[in-house]
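Protein chains: 4
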Amino acid sequence: MDGDLRIIKLAEMLIEEGVEVYSYGLEKSELKEVNKCESIPELMKHSDIILGPIPFSSNGNTINTPFGKKNVLITEVLDNLEGKTLIAGSIKSNIYDIASKKNIKVIDILKREELAVLNAVSTAEGTIKIAIEETLKNIHGSNILVMGFGRIGKILSNMLKGLGANVSCEARKNSDLAWIKAYGYEPIPITNLKENLNRFDIIINTIPYIILDKDNLKQVRNDTLIIDLASNPGGVDREEVKKHQIKFIWALSLPGKVAPVTSAEFIKETLYNIFNEINS
Amino acid sequence: MDGDLRIIKLAEMLIEEGVEVYSYGLEKSELKEVNKCESIPELMKHSDIILGPIPFSSNGNTINTPFGKKNVLITEVLDNLEGKTLIAGSIKSNIYDIASKKNIKVIDILKREELAVLNAVSTAEGTIKIAIEETLKNIHGSNILVMGFGRIGKILSNMLKGLGANVSCEARKNSDLAWIKAYGYEPIPITNLKENLNRFDIIINTIPYIILDKDNLKQVRNDTLIIDLASNPGGVDREEVKKHQIKFIWALSLPGKVAPVTSAEFIKETLYNIFNEINS
Amino acid sequence: MDGDLRIIKLAEMLIEEGVEVYSYGLEKSELKEVNKCESIPELMKHSDIILGPIPFSSNGNTINTPFGKKNVLITEVLDNLEGKTLIAGSIKSNIYDIASKKNIKVIDILKREELAVLNAVSTAEGTIKIAIEETLKNIHGSNILVMGFGRIGKILSNMLKGLGANVSCEARKNSDLAWIKAYGYEPIPITNLKENLNRFDIIINTIPYIILDKDNLKQVRNDTLIIDLASNPGGVDREEVKKHQIKFIWALSLPGKVAPVTSAEFIKETLYNIFNEINS
Amino acid sequence: MDGDLRIIKLAEMLIEEGVEVYSYGLEKSELKEVNKCESIPELMKHSDIILGPIPFSSNGNTINTPFGKKNVLITEVLDNLEGKTLIAGSIKSNIYDIASKKNIKVIDILKREELAVLNAVSTAEGTIKIAIEETLKNIHGSNILVMGFGRIGKILSNMLKGLGANVSCEARKNSDLAWIKAYGYEPIPITNLKENLNRFDIIINTIPYIILDKDNLKQVRNDTLIIDLASNPGGVDREEVKKHQIKFIWALSLPGKVAPVTSAEFIKETLYNIFNEINS
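If you're matching them up, the sequences are chains A, B, C and D in order. So in my numbering, spot 15 of the first sequence is number 89, and the numbers just go up one at a time. So in my numbering, spot 161 of the second sequence is number 235, and the numbers just go up one at a time. So in my numbering, spot 113 of the third sequence is number 187, and the numbers just go up one at a time. So in my numbering, spot 225 of the fourth sequence is number 299, and the numbers just go up one at a time.
None of these hints come from the bench; they were simulated from the model. Values in this document were obtained by computation on a predicted structure and should not be read as measured data. Treat the hints with caution; some may be incorrect.
As the list makes no split between identical chains, a pair holds if one copy fits it or if it spans any two.
[As the list claims (entries may be wrong)] Here are the simulated lysine to aspartate or glutamate pairs, EDC-like style, with alpha carbons at most 16 angstroms apart:
#1 K235 to E260
#2 K83 to D297
#3 K292 to E314
#4 K247 to E188
#5 K166 to E208
#6 K247 to E343
#7 K247 to E187
#8 K166 to E351
Start from the sequences, fold in the hints, and give me the full structure.
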């Protein structure tokens, strides 16, 4: 079952590697050698592992089927999955509840650490594209602040340094600050954040709570570009940023947009890891 | 005198650093503290060094004045420059001839080696933006061929490696191939080019003659992206590339487009170098 | 109180930054402006925080005092520390037991994550020195396997890549393998280790259990250099490695040997972090 | 014919690749499958290209034969080489004169640009080993000045940055300073050298004339390490450096010492380039 362009690419790769793939709800795609099933029950006859949409559902009622011709209800899917394994992305907690009652094993592939790491690479590249596009300066030689030293912070800092930027990273924990130093970036403890904010050409946030609040935004120069990569609520007070006329971009879901083929490859590798774990 | 956005930024920077700047033909810009002159003779009263447009002229008749309200003839400029120094970009050889008769010193700033090197940084970033934008894959982990190991080839390869690409560089000279190896890229002698062409996700050319001709293009996969950075005639047979339905982008004049502020800074630094040389 | 050269350097740095430092057991050092105390009780009058040797004791009876003229018993120290804080390195568990009875707060500074990270930088440099010294080849262009992707594995791989080596990293967890890929090294799952072992010019182990056992060592070429950075029992069967006449170096405690001044700086920064935590 | 350990390694590699190798003057080496000749005339029967010692001669009278049992006069060699090609290293100009009279083609392989570039990699690694060994600090985070931006300066700076050093490069030409900036090091024009000298933990010279003279050395801190890589007369006033008690190391001929196997590989590649040029 489907999702966005990544799913199509993924199906192509699996087929190419000799995996037998059966599909439902991908009618509009140009996928050729796949075995298209007419109904979910038919699909289930062939498969013990069902790969659902990534993300699974946007409305909590039907699953995401951008390449399908008709709506597919979540209940319709779950009713046919007893004893099987459902792998999909961004699965809400209520699905887990229903699934456990029906003896369905549910795996949210986007929660797999290895996929999150690999997706961070695509997110970093998408961010770099935005940074080149939306500034009048080179990345090379710019002063760039990365807020948060998690997966995206680590990989993005590494790439920005690879482009010749002067990279500073904000973090809270002493051990993270030690890592920042060890990798050759300037460590900025959160306690020193405010006084440093006016030094940066670009500020990139990865922390999902409002860290650039009214008070902190006063320190940001109005020729600074702010890119927020954090999911809701983000890390930037969006009202305030407008008032200060600071250029601000809230960039979400970059991997699927920037590099659907690579992203599909990463999903494939993660799938294989899951298969190995199921079989061992 | 003017040119594109870089010239406005340049004037702002010079003023900020305390240089007395007089202008003519920048009426439409928002430049404030500059001393706007009403005529070229008036301008000449104040200045021994005249910074003309970059590039100087597109039509061989008038100089480029995108921020000016009226046309300015080349002859009008040269008639007033006796004994002075004219610095501009992409100056045609006939201008040099006229200038030498009138005892005008002409310096083409775009021919300065240090500016060409620094501009290559901006070109490289613009190229990276295109590469991220126009492919479905990450740069990270991609196989990328850079053809030519001159200024742009060197800097671009360094940045692509900094992003995690597998970089191969094509060159002709053994010493260039040694440098390519020393910097950690895969050296591809031109004699081995053809047999390697089908390995690459992205091919970037920097050599200004048709190296990807009909014969070579047959080896290129049709999911490869080709970016040509070489000025006319470029390095790619554009008829053939279309026939093979290979994605092809001919990207010229990136520095002014991608990073006008940095580009203006580089021009400023080069100007200061020129001033130092004139005064020593 | 003392330890190795790092402690002398540390005392110098603290004094230079205006910290009032009192010492005992450093008689043989050339330390000048320190307030040397005649006895431990005298020392305790002046200080609430006592910095002991790093490492604290080698024999479980006296503390390490390479710069002192007489032996100092552990019991003698602990008897005078009631209500105070003792910071030292590699403190054995029985010390904690005694200390808790006497209301002494004990902090093992070598267990601080930030210090461990920073020390890994020094360990990596020491390893690189050994690798250059003990091979007939360049690091640049060599195939190097790093086993284990913890602190030392991460930092060492980064530096080896910075020197132009082809870096492969062995790990067990899928998420570590993803990080290895994201940082641009070749990931080698432990399940594929054996079949890859004969490809490497240098193998560096960071995992403290015998991973290069009899069986695995058979695959290692006898012109390979093996460096083991893991503390007892190390990661290499030392009997077998001799039999195969493979060059083998077991390198321990590199930070203090390779870079005592930097190492002292790292200890100082960690001390300040501890002080901040105590005071907040 | 012979030279140092590199020549033995080189012969081994050539044999392994199927080249028919005849030798004279390598009696003491453990080289097996080589065809050992009893005399120079016998050697000449088999070969049109003679690879002599690298370097060719230390005394101007006999060639260097550390692996040979008897002395071999230069004249003896040249008398037998009519119509042939002699490839060796560091050949003095008088040899060229004699050779041209005897119709011998002489090629000094150490003057080949590609070999000089590749050898610079080995020199850089040897320098890094010295820097780690002779300082009490990490390279990572140190302030290092590289004087001269030729082959060694370029490659060494790249590696030092790869280890996390703060790299500054001194140069004279504006275009070199632009390259230094483009590669992400701090450019120091020679005119600003003196005022910057006291900032560095390590100073590495690659320029073969006394640049660190009495006057400049006064600015260098006495805890700075100076490494001189320049051949005679070097770049450092050696009398003065002693007076100031600055740690100073004059490191020459590193490639053969640090990495004889890699160095032999580089010579082999260069030889093949020469063969190709002779045959085309």
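- [ ] Check K235 against E260 for me: Cα-Cα at most 16 angstroms, and say if that holds within a copy, between copies, both or neither.
- [x] both (11 angstroms within a copy, 15 angstroms between copies)
TODO: Check K247 against E188 for me: Cα-Cα at most 16 angstroms, and say if that holds within a copy, between copies, both or neither.
DONE: between (23 angstroms within a copy, 9 angstroms between copies)
Open item on the list: One pair to classify: K247 and E187, alpha carbons no more than 16 angstroms apart. Within, between, both, or neither?
Closed with: between (21 angstroms within a copy, 10 angstroms between copies)
TODO: Could you place K83 and D297 in one of the four classes (within, between, both, neither) given a Cα distance threshold of 16 angstroms?
DONE: Result: close only across copies, 14 angstroms inter versus 40 angstroms intra.
Open item on the list: At most 16 angstroms between alpha carbons: which applies to K247 and E343, within, between, both or neither?
Closed with: between (32 angstroms within a copy, 14 angstroms between copies)
TODO: Pop the pair K166 and E351 into one bin, within, between, both or neither, using alpha-carbon distances up to 16 angstroms.
DONE: Neither: 23 angstroms inside a copy, 39 angstroms across copies.
- [ ] State whether the alpha carbon distance between K292 and E314 is at most 16 angstroms within one copy, between copies, both, or neither.
- [x] Within one copy only: 9 angstroms inside a chain, 54 angstroms across chains, cut-off 16 angstroms.
Task: Copy assignment of K166 with E208, given that the CA separation must stay at most 16 angstroms - done: neither (35 angstroms within a copy, 34 angstroms between copies)
Consistency note: the structure conflicts with the earlier hints numbered 5, 8.
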